[in-house]
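Take these sequences, add in the hints, and give me the full structure.
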Amino acid sequence: MTILAPPTIAHGAMPSSGGAVASDRPVAPGSPGPETGFGADVETGLTTGHRVAAKLEVSNLRVSYGPKLAVRDVTMRIEAHAVTAFIGPSGCGKSTILRCFNRMNELVPGARMEGSVWLDGEDIYAPDVQPVAVRTRIGVVFQRPNPFPMSIYENVAYGPRRHGVRERARLDETVERCLRRAALWDEVKDELRRKSGLALSGGQQQRLCIARTLATDPEVVLMDEPASSLDPISTLKIEELIHELRDTYTIVIVTHNMQQASRVSDRTAFFTMGDDRAGYLVEVGDTTQIFTNPRERLTEDYVSGRFG
Amino acid sequence: MRRVLLADRIATGVLWAIAVVVVLILLAIIGHFVIGAIAMLGPSFLLSEPSDSSVGGVGPVLFNSVYVLVLTLLLTVPLGTLGGIYLAEYAGSGPLTRIIRFCQELIGSVPSIVVGLFGLALFVNATHWGFTALAGALALSVFNLPLMARLAEQAFRAVPDDERSASLALGSSQWQTIRHVVLPLAIPGLVTAIILTAGRIFGEAAALLFTAGLSTPTGYDFANLNLGDPRSPWSPLHPATTLSVYIWKLNSEGLGSFVRQIADGSAAVLVVMVLVFNLGARGLGRLLQRRITGA
Amino acid sequence: MTDSAVPFRSTVLRRPLTRRERLDLPRRLTLVAAAMVIVLVGLLLAFISWNGVQLFSASHVSLGDVLSTRWQPDSSAGNTYGMLPFIAGTLAVTIVAALIATPLAVGLALFMAEIAPRWARSITQPAMEVFVGIPSVVYGWLGITILVPFLREHLSGVGFTLGFSWFAGSLVLALMILPTIATITHDAFRAVPAELRSGSLALGTTRWQTIRHILVPAAKNGIATAVVLGMMRAAGEALAVQMVIGNRPVMPTSLTQPLTTLTSQITLDMGNTVAGEPWNQALWTMGLILLLLSFGFVVLVRVLGRGKARA
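Residue numbers (our numbering), protein chains in the order written: chain U, 1 to 308; chain D, 1001 to 1295; chain V, 2001 to 2311.
Quick caveat, the hints were computed from the structure, so don't treat them as lab data.
Here the structure is a predicted model, which means the values were calculated and not measured.
Be aware that one or more of the hints could be misleading.
What the hints assert, rightly or not - Stretch-level coverage of chain U by chain D, calculated; a stretch enters the list once three of its residues show a Cβ under 8 Å from a Cβ in chain D:
(1) 100-108
(2) 142-156
(3) 206-214
Heads up, the beta-carbon is just placed ideally off N, CA and C, and yes, glycines get one too.
Right, dumping it as structure tokens:
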């Protein structure tokens, strides 16, 4: 069921999820200030009241691999400086949609995409857009950590180096900054150049990959089940990390773990698979609302564990 | 039931026997040459020149083998690696790619003697160079270039896609990804490929008979550094009888009373070199693999 | 991303490709390198064909003469260039070599794939690789210093008058192609899915029964390919065969008697002939025959592979 109704102004509760405090949201001139609250639209779950330019906007996204439809007609907004979680049973296209956000899906042979994706209002699939530029501004952390067989330093410095940064001081500063942000600095700061990225533990490798992604100064960080191959302690560390990163970046995280989604995200989108075996968006909204008071029956069934 | 179990036992025994026999044959071959001639393989044999009056040495011939090998590798390794990069990283499944692979198979099937004839026609007669090391190296390149490209392609394909994804996801271009991530990871495979092809080139004879020539090399003046002078052993234009060819020549001409020993010694050198190349390829490949991906 | 100095904080999404990106030098250069093999095939065909037809076009030797069994290029009574002895000889040594090598190679491959414990495999695997690497001249030298005298001295009663013989040629070739056939067959066995094996064993059959009734039939395409490839290698071998076969241009009638092949005759005669003379041209024609044979084999293997895949 696609969600296409235009946002209407309604009165409702202030969004009380762990999202950014209302006053941090960019406010369009002339609109009611944050004190008057935002309306939560019943149909779309989009915060309304004033037009906030979403970080990412998706419209009628449709993906097929060869003849097989994988994702059907997704339309949604990803808000800036917030963590949006994609939840749903496996196989319903969450990772596929994520890959469309940074133009990695087109690398899969046979993949076809219809619809549009906008970053800050710019269509990232426009003909003269360079995928390389898109991927610099939208980074991704994969499910299994994949550090390069290089030193820790070189792993983090890889992105900036490829973009032409050569000065040692700047690289040093970037590496330290990103490793600190990824909460890895203290553990590796004495072995930056000597130790290979592959010699770290699983949780450390994943944080290294996060640091590496941050080094290209992205605006959006996509995470595809970043903690699913890690132990519980590392998972918690990653979740804390996501919480801290929210202030600077926009984060989209795909997760199977509903508790994780409810802990970590401000907004949640629930996907499922239709009878045609194509994934579609069922409902999107503030995380608290999705988990305590979902609008759709399917959503309620999923979050209460009745299926999936 | 018992018959079936008996058949199983017999079959197992037969297969073990086959394996043992084959391995023993191999050990016998190696042993015959290596042990039989181990006394001979001293510096006097390896470095001195052929002579009729005594068990002449194989110095210049060994030099020629190495020279032709190096020349051939110089011609084929860079080009072959680039070709392998194209086939592994850029090529689609279109008609051009299919034609390239078909041609690789075709050349792989051509007997070396025919490659030698081709070399004779083009690099010896048409160019009026006569027999030269360069002609030999070019002839060897005819089959070594596609071989190197195929092995290089395998080495690149062995690099996991995860690494490519990670690099592309950071906003690198395809060539940057190849150069900084894929190539370093493919190096163990490339080194193995180079050593394996080197082993084959070192032992090759049929393609060199009519290209690098059959003359017995004597009077090599290593001080002559004029690369354009065919009399200088350093020049690509010098006729270069190699070790394998030398053995065949000794056999077909059979002159001199020490032919048997010289040929035995030469064959021993070849067998030892093959062992070195083979073990080297395995050992070095494994070492590099560990160093590049390990802690 | 180009190596330009665009600060990547403000990475512009929409921009035209730089000239460097449009040129995509890496892609073009590597394509040229890969496509050189096409040029090589063309050159090979051109040069060998041109020289190979000189016998007919320049010296006007008839096809009938070439397809006869009389090879006397240097006689006082009129030269004949019958090449049937060589073609027949090549086929003869190749087939017998395959007959000798295949059972041993398949047995070895079975051993390596199904029966060998790990320590045994760590011996047979490098053994195969070393076997393949031994240069053909070494096999030939072994043949002429050990095999031929042995045959002549101990088996002359059976008919080995000279030792140089069809059998000697085939035995040496068999030794050379054994590792080739074994390796490819071994891969074919390993490619058979484990479920087939476990399905059979779960029914209470022995390992040998599983091998005989399930594994070998499942791998028969691979085995056939291996044998064909081994035969191709045998047919193309020149020096090793030439050293032990006796080089007598007769049709293959007796395993114990000398014989000849296309490759060994070229090796033997090329140095003695003068370019432009029919004898020399005949050798080139033999080279052309070899080239067409090997190309034909490649096409055959491809067609077979495609047919079997569809079946």
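Legend entry - Within 8 Å of chain D's CB atoms, at least three CB atoms from the stretch 100-108 of chain U: coverage verdict: holds (count 3)
Inset, instruction - Take the stretch 206-214 of chain U, compare each residue's beta carbon with every beta carbon of chain D, and decide whether three or more fall closer than 8 Å. - result: With 3 residues closer than 8 Å to chain D, the stretch 206-214 of chain U meets the three-residue bar; holds.
Legend entry - 8 Å C-beta test of the stretch 142-156 of chain U against chain D, three or more residues: holds (count 6)
Hint compliance for this structure: no hint is broken.
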